[in-house]
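Trainee: Generate the whole structure from the sequences, applying the supplied hints.
Number of protein chains: 4
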Amino acid sequence: MQNIIKAFNLNIDLAVEAHDLLRGEKDIEVSGVTEEVTNLEHIKVTTITILNEAGANEMGRPMGTYITIEAPPLKIKDPYVNSEITEAMKGSLVPLFNNYLSSNDTVLLIGLGNWHATADALGPKFIEYSPITRHYHEHAPEALVEGMRPTCGIAPGVLGITGLETFEVIKGIVEKVKPGLVIAVDALAAQNVDRIGTTIQISNTGIKPGAGVGNNREALTEEGLGVPVIAIGCPTIVNASIIAGQAIKKFCLNTGAMYDNLRARDAIRDILSFFGGSLGVTPQEIDEIIENAAHIIAVGVGNALFPHVSEEQLELYAN
Amino acid sequence: MQNIIKAFNLNIDLAVEAHDLLRGEKDIEVSGVTEEVTNLEHIKVTTITILNEAGANEMGRPMGTYITIEAPPLKIKDPYVNSEITEAMKGSLVPLFNNYLSSNDTVLLIGLGNWHATADALGPKFIEYSPITRHYHEHAPEALVEGMRPTCGIAPGVLGITGLETFEVIKGIVEKVKPGLVIAVDALAAQNVDRIGTTIQISNTGIKPGAGVGNNREALTEEGLGVPVIAIGCPTIVNASIIAGQAIKKFCLNTGAMYDNLRARDAIRDILSFFGGSLGVTPQEIDEIIENAAHIIAVGVGNALFPHVSEEQLELYAN
Amino acid sequence: MQNIIKAFNLNIDLAVEAHDLLRGEKDIEVSGVTEEVTNLEHIKVTTITILNEAGANEMGRPMGTYITIEAPPLKIKDPYVNSEITEAMKGSLVPLFNNYLSSNDTVLLIGLGNWHATADALGPKFIEYSPITRHYHEHAPEALVEGMRPTCGIAPGVLGITGLETFEVIKGIVEKVKPGLVIAVDALAAQNVDRIGTTIQISNTGIKPGAGVGNNREALTEEGLGVPVIAIGCPTIVNASIIAGQAIKKFCLNTGAMYDNLRARDAIRDILSFFGGSLGVTPQEIDEIIENAAHIIAVGVGNALFPHVSEEQLELYAN
Amino acid sequence: MQNIIKAFNLNIDLAVEAHDLLRGEKDIEVSGVTEEVTNLEHIKVTTITILNEAGANEMGRPMGTYITIEAPPLKIKDPYVNSEITEAMKGSLVPLFNNYLSSNDTVLLIGLGNWHATADALGPKFIEYSPITRHYHEHAPEALVEGMRPTCGIAPGVLGITGLETFEVIKGIVEKVKPGLVIAVDALAAQNVDRIGTTIQISNTGIKPGAGVGNNREALTEEGLGVPVIAIGCPTIVNASIIAGQAIKKFCLNTGAMYDNLRARDAIRDILSFFGGSLGVTPQEIDEIIENAAHIIAVGVGNALFPHVSEEQLELYAN
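Order-wise, the sequence lines are chains A, B, C and D.
In this text, residue positions in the first sequence follow our numbering: the first is 1, and each later residue adds one.
In this text, residue positions in the second sequence follow our numbering: the first is 1, and each later residue adds one.
In this text, residue positions in the third sequence follow our numbering: the first is 1, and each later residue adds one.
In this text, residue positions in the fourth sequence follow our numbering: the first is 1, and each later residue adds one.
To be clear, the hints were calculated from the coordinates, so they are not data collected in a lab.
Treat each hint with caution, since some may be false.
[To be verified] For each label pair, taking beta carbons as the anchor points, the in silico distance ranges come out as:
(1) B:Pro95 x C:Pro307: 54 to 60 Å
(2) B:Leu21 x A:Val94: 55 to 61 Å
(3) B:Gly24 x A:Arg269: 19 to 25 Å
(4) D:Leu316 x B:Asn254: 33 to 39 Å
(5) A:Leu262 x B:Ser273: 40 to 46 Å
(6) C:Asn104 x D:Glu312: 45 to 51 Å
(7) A:Asn39 x C:Asp78: 39 to 45 Å
Note that CB positions come from ideal geometry on N, CA and C, so glycine has one too.
Mentor: In structure tokens, the structure reads:
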């Protein structure tokens, strides 16, 4: 698929998929990259670490840690699976937070994406479900239960509807609010429909808003913002070109026909013409899936930020 | 594609696509079916008439008239294209209305589909944009401008969220309200992404709600409801299997590999597995496209129902 | 206040308020009416029974049972108060259900009111949060956990936006679906702002949709629909005339000025003129209050309809 | 009413109301303040200028120009009234813009208020309806029609849901984007229900977000932001205490009872107790009124910012 991905100028948002593609094609380990897998009762946690520049070049993303939590498809509303996911998120996030945060530091939550476009609304919905407490610290500390650190949150929208680069908005707020940590949540594109709403990726490397659109937009990184950035994403869409490319490849494999990447690309271009890279594949239940994924991520982040506060208490601070 | 469509138990919602497939495969005219095409400045209007049972069997849909209005893709927000579409709708609908309606008959508008699922919300949004006047006739006739016939409208939801068959709800209401005509609007599936939000189909044959799900649900037809039913639909989605099948076929055509329908089906099943028939392909701008299409259809229907009332006036009666 | 209420042609939706007014003015018990109060830890449950026609005339509402659950204001998001309310609802509803329902009867849930008007959206939101199972019984019984009776639900909208009388829609559906019981939820008007979102009234006497508007609209009653109707309501608004009237009366009481009902009415008319009876008083947090009240009522009704199913399980059947 | 307003610590958002109160009580002209009234066909335009510190003290607001456009109540959906309002807005805004802006300057639009609270959502809805073009200037200038200056827009939310002071967010963005002008739209409180959705105030003095809550929050002013700020507001609510106070005063006037401000205040406190200052009076149609007002303001501002572009064209740049 990598060639289709390049041909259509698509991004591979998930480090696990990028890693699988690299290893699949070369059938060797990728130098400068380690992967560690833990299987829990229902879910699987994979930690990929990119150790050096060589690994970063191969993987097409910055050095750092990429943790992926994978739940079985179609099981995502199961309460047991849900609580295993939020526990795993807490387990992954708490050590990251401890690296960066002292207990009174403010945390700035950012919900990337467009609240007017269903499949892109994951980030804004995450903000809605997250506990926001910074104003109590300043104006009504007595309304806080113990263990509530200051959090604030904003969904800055997307360039196409605000006319503002996300980086401009966030950089401006960071300079005023001076948080100890930024946590940015965004909808991702995957290469496999089973991942939609079932895979969560956590990384300590920052994030490029709307990276898929393929431009030199400034990234939300520690380097750019001057404060550590944890990025959390969940696939909500698979590009239609990928599906079409996979179908051709699979058909060739099954029939023995010779796969030819350039001609696959041309065939796909012919049928997807006008809308090109912007055609996405989603399950019919996408609105509900995104609602659910945003809620799980908010609970996982909330539990990790406020480890000694109950979920019921946290909900009282959400909007 | 017809074989992929059968393999995945999909419906061909658009009569023009069904007709093209039949003619394409057999390269002959289909008996019992006539087609007439008019090209206007920006748009194309195709009238397919299924004349007899033989034609109905071939086409897989009831005898009657199917009018399709096709606008160029990506041009749908152009005000000139828009007004050409609503004019064409008026031109097509007025003669149909004249067949069925006398001037004081009530018209019941129905917005089929699920308002919680973006790509299925076309019908409910159509109801929001449509002028509703029946209550003025009964309670405040002085608030009506001249030429306003009685209209009422409901979006009955879908079985999966109400537990009610659409037919049960509508049949019940029809028995109480006794309209002279039912106009039902629904989101359709197409076989070509360029049709999303750009093709409008009008037929006088009724409609099967959620027909795509493949069951023996009772249809909204004159036979079932006891009142003529005009169905209006607009594609909002292409099934992902169709896209994958087209890509394989195109690839075979381009490379000379032998296309094999069963193996194409198997390849597609392998990659789309879990979500099967429910995976849809939509452009990123789908929320906006549906908003726009619902509005155009509401204006077109409104202009045809109230030919002597201005659009500004009509808007005052919408919600 | 009763005179202001009559002067402005307002309704007293809550039986407890009607009863208090009657007793307050006459300082005697009302013949044909009994009242029983139970104080629980945080909440108060009042059961008013109208025993005969004399009582019904005095109280201005039909014979039957009116159960009112009152929570302290401003405490409504407290999880303990919430679960005490849903428990009390279950305790009140289960005996009513047992009177009417055998275990396989279908229950039709109705969310009255206008989903486009914040303070009137209680009923539609109740439907969203309620478990809907009838379609599983018919199409996929294996997807049901034990103890799930068939439920279906609809929010028919209001005359002003559908052009359909609520009675027409519901009567039609009842004739098709033949439920054993109808449960109708609606937003009420109270006479005291403290009741907004904190008082729940349950009655076995049916309900008049949009009763406040003062017309002869047909009521949703056992007599009209041919099936028992349980009505559940919660105040979301206080009419502005009531607030103004109370202020005048209180001022007179405090200052010794002579209260004069006609002149109070005239003073209120002068300042509220244009919008007249349609001006409502609500707290700033009304959107959130209604969200919360709809959720509590859905949980209370769900627990009573499915007494052996856990809340987590029930949520999986909601939309 | 001024005493009730002080007693409940309320703000007078409209300069015309503040001016009327001052002149009413003192029955003399207010020094340092001029007022000029123009009556058009359906609407009335009042320009109040606060000339010096003495006037500012009396009026309780900064020196500057306050233009108020008043449409007749209940007529607000009339297309003729609408276009008279947007014309008057253009007439008032163009000279203000010409004071501050050269043709290539960026304009930052700000929608103040809480999109989750109906009566406070005017600002966020204004942003949705406004043309946004800055990203085209930077990334796709060929997609712009002539005469489109760069605009960007954000609805920063409110402290209670973001944990961020509006000033912090906007100051940060202003420092990055360096606009030539900020236009901030907010929902106001009036003292008369007839003003809800029918009065628009334009001033060149900036605005204090959530001013009514009575705190020392930093204002969005030229002094604070370093860029001129035009504030546009429209009443969406009347505080319930005002209505109650007016009723008492009117009653006293009509009956000859002696009005006593302290006792009026106490009477009002007794009946509004819990929710205090946060109880608002709105017409039932408030959701629709706000939709309409946001649209009119967006059209008025758009016409003034892009005087040579048609409304249809402008709509294509809105979200």
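Trainee: Each of the hints needs a verdict: does it hold here or not?
Mentor: Now the hints, each set against the structure:
| no. | hint | result |
| --- | --- | --- |
| 1 | B:Pro95 x C:Pro307: 54 to 60 Å | holds (58 Å) |
| 2 | B:Leu21 x A:Val94: 55 to 61 Å | holds (57 Å) |
| 3 | B:Gly24 x A:Arg269: 19 to 25 Å | holds (21 Å) |
| 4 | D:Leu316 x B:Asn254: 33 to 39 Å | holds (38 Å) |
| 5 | A:Leu262 x B:Ser273: 40 to 46 Å | violated (28 Å) |
| 6 | C:Asn104 x D:Glu312: 45 to 51 Å | violated (58 Å) |
| 7 | A:Asn39 x C:Asp78: 39 to 45 Å | holds (40 Å) |
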